[in-house]
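Enquirer: Protein chains in written order, with the working numbering: chain A, 1 to 532; chain B, 1001 to 1313; chain C, 2001 to 2279.
Bear in mind the hints are in silico, worked out from the structure with no lab data behind them. Hints may be right or wrong, so weigh each one.
[Stated by the list, open to error] Label pairs and their calculated CB-CB ranges:
1) G1209(B) - V2185(C): 31 to 37 Å
2) P267(A) - M1249(B): 50 to 56 Å
3) A2047(C) - S150(A): 51 to 57 Å
4) L277(A) - W1161(B): 45 to 51 Å
5) W1161(B) - S2084(C): 56 to 62 Å
Heads up, the beta-carbon is just placed ideally off N, CA and C, and yes, glycines get one too.
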Amino acid sequence: MLRSHDVLKFAGGAALSLSLTMGFGVGARAETTITAVMQAPLRSLDPVITTAYVIRNYGYMIYDTLLSVDAKGEIKPQMLEKWEVSADGKTYTFTLRDGLKWHDGKPVTAADCIASIKRWASQDKMGQVMQSLTTATEKVDDKTFKMTFSTATNIVLRALSKPSSLAAFMMPERVANTSPAEAITESIGSGPFKFVASEYKPGVQAVFVKNQDYVPRAEAPSGMAGGRVVKVDKVRWVAMPDAMTGVNALKNGEIDFIEQAPYDLLPLMKSDSNIQLIASKAQGGQPVMRLNHLLPPFNNKLVRQAAVAAIDQKAIMQADIGDPAYYSTCAALFGCGTTYASTAGADDLVKADPDKAKALLKEAKYDDTPVMIMHPTDFANAGGSFVPVIAQQLRQGGFKVQVQAMDWQTVVTRRAVQKPVAEGGWNIFTTYLSLADISDPLSNYTVAANGTKAWFGWPTSPKIEELRQKFATSADAGELKTIANEVQKLAMDDVVVVPLGEFSVVAAARTSLKGILDAPVPVFWNIEKTGN
Amino acid sequence: MLPVILKRLAATIPVLFVVAVVIFSVLRLTPGDPAAIVAGDGATVQQIEAIRHHMGLDRPIPVQFVTWISDVLRGDFGTSLISGLPVKDMIVDRMGPTIAITLYTVIYTLLISIPVGILAAWRRGKAIDRLVTAGSVLGFSVPVFITAYLLIFLFSMGLGWLPVQGYKPLSDGVWNHLRHLILPVASLSTIYIALMTRFVRTSIIDTLGEDYIRTAHAKGLNEREVLVRHALGNAAVPILTIIGITVTMLIGGVVVTESVFNIPGLGRLVVEAILAKDFTIIQALIVLFSVVDIFVNLVIDVLYRVVDPRIDS
Amino acid sequence: MVAQTKLGTFLSSWPTRLALLMIVIVIVMAVFAPWLATHDPRFLDPAVRLRGPSAAHWLGTDSYGRDLYSRIIFGSRVSLLVGSGVLAIAIVFGVLFGALAGYFRSLDSLIMRIMDGVMAIPAILLAIAMVSVSGSSLSTVIVAIAIPEIPRVTRLVRGILLSVRGEPYVEAAVTLGTSPAAILVRHMLPNTVAPLIVQGTYIFAAAVLIEAILSFLGAGIPPEVPSWGNIIADGRTYFQLLPGLVLYPGIVLSLTILTINMVGDTARDALDPKLAGRA
């Protein structure tokens, strides 16, 4: 009978999944396993077409990068033995170091890297700028390749070494040849961990084992650079949909690590002698508010400036983070305390001035068109929880505000719609960017101002675009700073993007974990586990 | 018997068609776009468009429906739009915990509610009956997540007896498996125990009023024999019905329970898929749940006839 | 009449009186919310977030610094709105479809197959999917909860109509040439009133409960609207820090559902003893 056949199939499936889990972990030697809860569960495996941070973190587990940035911000070789620049500054020759192998045992070649760079550059904003300056990429031999640019520039070094979205991960040539519109589902890298595909359950768990064949660099780890030495056998990422459940599981020793502990629950963990809290500014972020430049009323610069005047960063960050130890107000687009930090033109940003907002609205002849702000209700950590506060501040500043609650995935979908609000468009959305992503005018994609080709919100400012192009080609530190300062000023005046402050991320770990690195990305190399 | 079963099976086809149409149209009217989700935070409109085209989401909806139905009929549920893995594999992977929770909940519910219900019916109107009745109304009035949090607060955080969350398959040891499921099953079954106890009680009271029970009493059978052999036997039919009726309710409850206790089952898979707009998974799962519901009710229908041959089609 | 005496005896029992009292309290909360509340339930004050009970905030504040007591008071409005909205939709469409199916043989199997199909889909999943599709708003939530309830009412009405179809007074009306609408309204549908009252209270209670579950899963009423489900959903993260954020609204919610169910039981036993136990 049809039905009993179905039942048998179900039973068979269940038995199969049971036996799979049973088969594992029967090793003779005691294994060390770190069970970690990451900021979001892993659901897809393509770090080149997806900018979600958890997929970037996955990328750093199994892939390797040609270059990386150390704790001091200096660019260091990672997969490379060395690189050489021609006298005219236009040609770069890259040489791979010895002992690099893909997880399937094949050697890493120059051809693999060329294909990987090509796919990555088609997706990454900085990669695209680099691509537009590239005149030739050629293989010299199996371990060497050459890139030539139309002008003297060091953009290739900055782009290939940048730690965050999108990092330039190297993949085998046949994987890298996948169309950028199609997500790769394979996970063959040359990085310090291997992905256990048979134990991968999207949205539930991802398992990595130490790559025994990986040859780490000899240097000590520093930032993202240096030797990526794995000191445990296995890392399991598990999903924890409920924040409190996660904290309780950590207290009970059921898990070892929470990448981003919920700020409000920190008091519950501070008192626990088995738990260490590690605040990291490097992994912190900048919440931003984005106004839609295509639609009224924010197609009017004065109305945008009124929104800035209405905003009060402290109240927003207080609602979002709570404990002032972990947040600060900050008017610098490229992050406070960074190389390109500047607060030019941001006088109205930090504190609310409702009267000024009202005056600006009056000057702009604002006609009480309600502004629609998207409120992601399932995006608990930084990025959505403060939307009601923004709405309240805008109302106090004289705006008519309509808050629309939706899940984060709907926000992601809807923010791509360029039509009027009634036809599925929007006026305001909020998100947050990792500080690693915003440190300069090129990598901070929120300042791109090339109209409908820019990031959602689509600001147009030829002047900013010109400056960003200049930033790509310049190699002079002083000039770079001047350009960044100029971009900050222009972006603030035109209200290209509204930074709302800065926060640190607090990781919570069992005290049995030692050697957790303070890098811009949470990494699992160098961590030891002793006892429970 | 066989013709009856075949007839019932044939009758499920239009029902399943309705399920497919309803769920497909609800989903495809959605503004959510899986392509935008796959593309991530930094993507441009142009990149999203390319991914949407690759997923086939830019084709007309009727075409997508026909493609989907014909694939499903061939046993192909497609691949997840988000993870790119076959939907079938993802479902098989997540099935174990859900089967365990629902199975234990049904067993536990029957173990508690049948004796308690009989006891209340037997002592009708007495203090114990009123206690049971009051308890059962309370039981199905408290939302399952409130019960769950109270139990976690008490037994995991307070007394430290049981784990806060998680799921261990049977292969990790019987006790390890069971102790992770005690609180989820206890929270989930509260409502069903309440419902079932009420039902058993009234069914028994109904049958106690029937003539043959009086006859049995008159024949001098003792109270226990009358209750268990005759009254319970005849109350079996309505009790079976309610098991069938509550299957869809149970699936709803599993969704909440799995989310509170972080159990990687089908309930969480479907909620995640809905929030992520992963159409292929939602469609497959809702069809699966509906098939289970229809199938359970079919089995119960057949069991009726075994329990009570007087019923015909 | 028997029913009246029965109603009388039940009203004299103290649990029923308490239940009715609770319902009156909730209605008073909803109607007089602006006077009973001490704060604007939507006013955010991040500076005083997550505080315990105090003189200024009787039950403390939530994660946005909103006043918990005032939110619970205003929450009663949403619950009553959801309950009565769902009830109205379910009864109107359920009676309509049930009458069509129960009276016109030709429509019966079509309607009932569709109802079977809708019933086979788990109600909560259908509701989450619908809210996720249409965006969260009060009306979406009401419709999403009501749709799975319609088949239950349809089945009930159809069953009763089928059972009275053969009754002599209906047959007589048919032979007299009375129009179908008149037969339905005058002779057949009155039989459904008592069972519908009983079923209606259970639908009301279920609607209040499902609203809370939807909000808990993040697919409910927009979060700034104070509903008991939203308050609990917001507070669950802080359960261990401030259990009151979950417990106070949880108690009010559970008590409300409990008392509506109790009233439903009373009505069932009083109005139609035959229905006893068929919840």
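Enquirer: Taking the hints in turn, state whether each one holds.
Expert: Evaluation of the provided hints:
1. G1209(B) - V2185(C): 31 to 37 Å: 35 Å, holds
2. P267(A) - M1249(B): 50 to 56 Å: 38 Å, violated
3. A2047(C) - S150(A): 51 to 57 Å: 55 Å, holds
4. L277(A) - W1161(B): 45 to 51 Å: The hint (45 to 51 Å, Cβ to Cβ) is violated, given that L277(A) and W1161(B) are roughly 27 Å apart.
5. W1161(B) - S2084(C): 56 to 62 Å: Roughly 43 Å apart at Cβ, these two residues miss the hinted range, so it is violated.
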